[in-house]
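Reconstruct the complex from the two isolated chains, following the hints.
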Amino acid sequence: MSLIEEPRGRVEVPVRPAPPIPYGMLAELTHRCPLQCPYCSNPVELDRRNVELDTETWLRVFSEAAKLGVLQVHLSGGEPTARRDLEQMIRHCVEVGLYTNLITAGVGVTPERLQSISDAGIDHVQLSFQGATAEMTDKVSNFRGAHERKLAVAREVRRLGLPLTVNSVVHRANIHQIPDFIELALALDARRIEIAHSQYYGWALRNRGALMPTRDQVFWALDVVEEARVRLKGVLTIDAVVPDYYAKYPKPCMNGWGRQSLNVTPSGKVLPCHAAETIPSLDFWNVREHSLTDVWLNSPAFNAFRGTDWMPDLCKSCERKEIDWGGCRCQAMAIAGDAAATDPACHLSPLHADLLALAEADAEGSDIYDYRRYFQPDRAS
Amino acid sequence: MTATLAATGVPKLARGVRLRHDEARGQWVLLAPERVLNPDPVAVEILKKVDGARSIDTIVDELATAFTVERATVATDVDAFLAGLAEKGLIEVTSPVIGDAAS
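Chains A and B are the protein sequences, given in the same order. So the first sequence is numbered by the numbering used here: it starts at 1 and just counts up by one. So the second sequence is numbered by the numbering used here: it starts at 1001 and just counts up by one.
Pulled out of the complex, with its shape left as it was, chain B reads as follows (with noise of 0.2 Å):
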């Protein structure tokens, strides 16, 4: 299984992306323009960490421990869906360490 995005990439929401909970509707949206998106329970709680701060290696971790989810296919989760946001441009993931793409 090979990973899209490098573990150690930190990502954060794009400029004119927003993670907000939708008082009136109960539930969560992510906003982008002219589009309002509608995330899953799990796509919520990877995209509560996605804060420009923790790598992804770090979300993995965390929600490994916080679902009691075997680390792997958590991995596997959360870099699928953090590459499908990258390739929409809704968030940007930064590499603090020097090379290429884990692979």
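Just chain A, with the same shape it has in the complex (with noise of 0.2 Å):
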């Protein structure tokens, strides 16, 4: 007998005519959020709360959710503690079958609070460190005190005996405490932790400049989670999202478009990825009009880069076609000035040390944040 792990980006799926079930689905609740970190993946015009979809919508969601196939839902934000309604989401989640991973902050949630969502059935807790340190976290967030209230956040988080996974993103300001969040987690009693290098769409996008890390700082990082990880075997499981501005191949961003999961925004568009919104040429359903398996299966951007038939004559004709599937779609988008191109973080790409003279003069760019916010401050935010 034997437990085989799902493994994603490698499984042989039929493309075409099934289109694959995804496997999780991302709920952004709401973008409303009480920090400003700036590698923010959220867009940089945030949806404001008049536009946020009703509890009602979101309970169908997930009802549809389970119908079409997903195991797990992230419930996320911006800040998904900010909805009062979330306890309520989360009961319908377990009743219709689905994991439930609370994706946080940490910061303006009480115990009685958590006492609540654990109640509720959530299954995982996900909380963000900024930093490892309280100056560190402080800084990142732009909000004072933030490092000593998510520490008792993950406390009580294991005193109620849910799993916690400490998420850290890292970028040329932080990158050097990677051995200090791991030990962080350990003291926390995290099972797992998440050293995610910022990935630039969003607010990250414009804040590249202040968070590119250097080459010598990326691969020093590489090495320290990689000796963590012999070390720490069957006490913590480390999950890093490598950055791809100083690699040779793109990463497998999602595992190929539309293939195992799918992004609902707090006013309801459905998303292949958080950051699909940057390619302007694709038009995005809203479940306000649709149902999830109508905008999975039919929707015109979830089909634009799905399999390999889009692919440039570079990528189709690649023994790696079906393990990189053609890297990152914003990324080319950003780089390129073409959805449809190769990753310039592909070796192959020509653009490829256009990509890199751009990440060696950005790690050598200014340290003043662009913070996450409103443009116009409201009452909503």
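A hint or two may mislead.
To be verified - With a straight-line cut-off of 30 Å between C-alpha atoms, the simulated DSSO-like cross-links for lysine-lysine are:
hint: 1; chain 1: B; residue 1: Lys-1012; chain 2: B; residue 2: Lys-1048
hint: 2; chain 1: B; residue 1: Lys-1048; chain 2: A; residue 2: Lys-67
hint: 3; chain 1: B; residue 1: Lys-1049; chain 2: A; residue 2: Lys-233
hint: 4; chain 1: A; residue 1: Lys-233; chain 2: B; residue 2: Lys-1048
hint: 5; chain 1: A; residue 1: Lys-269; chain 2: B; residue 2: Lys-1048
hint: 6; chain 1: A; residue 1: Lys-269; chain 2: B; residue 2: Lys-1012
hint: 7; chain 1: B; residue 1: Lys-1049; chain 2: B; residue 2: Lys-1088
hint: 8; chain 1: B; residue 1: Lys-1012; chain 2: A; residue 2: Lys-233
hint: 9; chain 1: B; residue 1: Lys-1088; chain 2: A; residue 2: Lys-139
hint: 10; chain 1: A; residue 1: Lys-251; chain 2: B; residue 2: Lys-1088
hint: 11; chain 1: B; residue 1: Lys-1088; chain 2: B; residue 2: Lys-1012
It is worth saying that the hints were derived from the structure and are not from the lab.
This is the structure:
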């Protein structure tokens, strides 16, 4: 007998006529958030409270997700606990068989609220740390006292017996703290840590010059993580989201467009990935007008880069085409100006040298952040 | 042959781990934080009995009877499988009796 981990990204899936079945759904319940992290992947134009989906619509979306074959729902944002109906959504997800994962910044979450979230049946909590020290967390999140509050939330999560993941996004200012992030996760009794190098979409793209690490930092970080993985096997799972600017091959973004997951924005747009709105040619269907299954199967945006038919010849003839899935469409858009181009992170892209030069120039950039915010603060934010 | 887990121990899925049938794909899945695991048919039969009430001994008895397999063989397989799950933090094994793990 054995347990075979679903080898995401390596499964042979017939692409047409039947699209694959998604495993995960990221539900961005709101863009409201007390923190102002400059690496946020949310779009620069944040959805305001008055355009957020209501409870009833979210419950329908969760039911449709379960029916479509989604197994795990990631309740995220913004800060998902800003939604007072969060517990109602969790209870509904449990009822329809969905595994629920809360992705929280852990600021403004009281022990009473956590108890109520736990009682609703949450399966797993992911808690973000912007730094391994109070000074760093408070600076990156632009919120004085954020670190202490997060520590308190982490302890409460474990006291409730819930599994905890520490989420750390690393970039030039805090990448040297990776060993400390790992120690922090151990001290907080987390079973898992995500060390995610900042990915340059949304606010992070806007702040790329202040976030981009140097090549030396990146290679040092990769070594540190690899060593820790071996040392902590069976104690702490370390999942890393690697940077691709200095890489040879592109990341298999989303493990293929429209292949394993989908993302619903606070206002109900369904996206193949959270940055897909940066591709201006795509038209995204909304759950207010379409069922989730309809969107997954039939929306032009999901079919635009599904499978391998859309690929340029360079990718189509590559033996890694079903490993890398052509890399990242949003990065192709941002750097090559063409969402259907080979991801410039690939060493075979004609723009690869440009990307490297851009990263090296950015790594010398100013350290001043343009903090995440609504452009015209309103009462709702 | 040495068992890793006490045969009197009672295993249960850890909080944040769920076994369910996945209708859309026609298979059983074990769901854990950021993980989807596919247990094979034998693993599924064991996991279905991991309910926080049955002891490992009871699970082995029931499987040996249901599948008419020699008990010692079942015991070895179940122990190896559950020990692996315990190491990954997917199950917790509580021991209702005083004493060290069986050796």
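Hint-by-hint comparison with the structure:
no.: 1; hint: Lys-1012(B) x Lys-1048(B); verdict: holds (10 Å)
no.: 2; hint: Lys-1048(B) x Lys-67(A); verdict: holds (23 Å)
no.: 3; hint: Lys-1049(B) x Lys-233(A); verdict: holds (28 Å)
no.: 4; hint: Lys-233(A) x Lys-1048(B); verdict: holds (27 Å)
no.: 5; hint: Lys-269(A) x Lys-1048(B); verdict: violated (38 Å)
no.: 6; hint: Lys-269(A) x Lys-1012(B); verdict: violated (39 Å)
no.: 7; hint: Lys-1049(B) x Lys-1088(B); verdict: holds (19 Å)
no.: 8; hint: Lys-1012(B) x Lys-233(A); verdict: holds (22 Å)
no.: 9; hint: Lys-1088(B) x Lys-139(A); verdict: violated (35 Å)
no.: 10; hint: Lys-251(A) x Lys-1088(B); verdict: holds (27 Å)
no.: 11; hint: Lys-1088(B) x Lys-1012(B); verdict: holds (13 Å)
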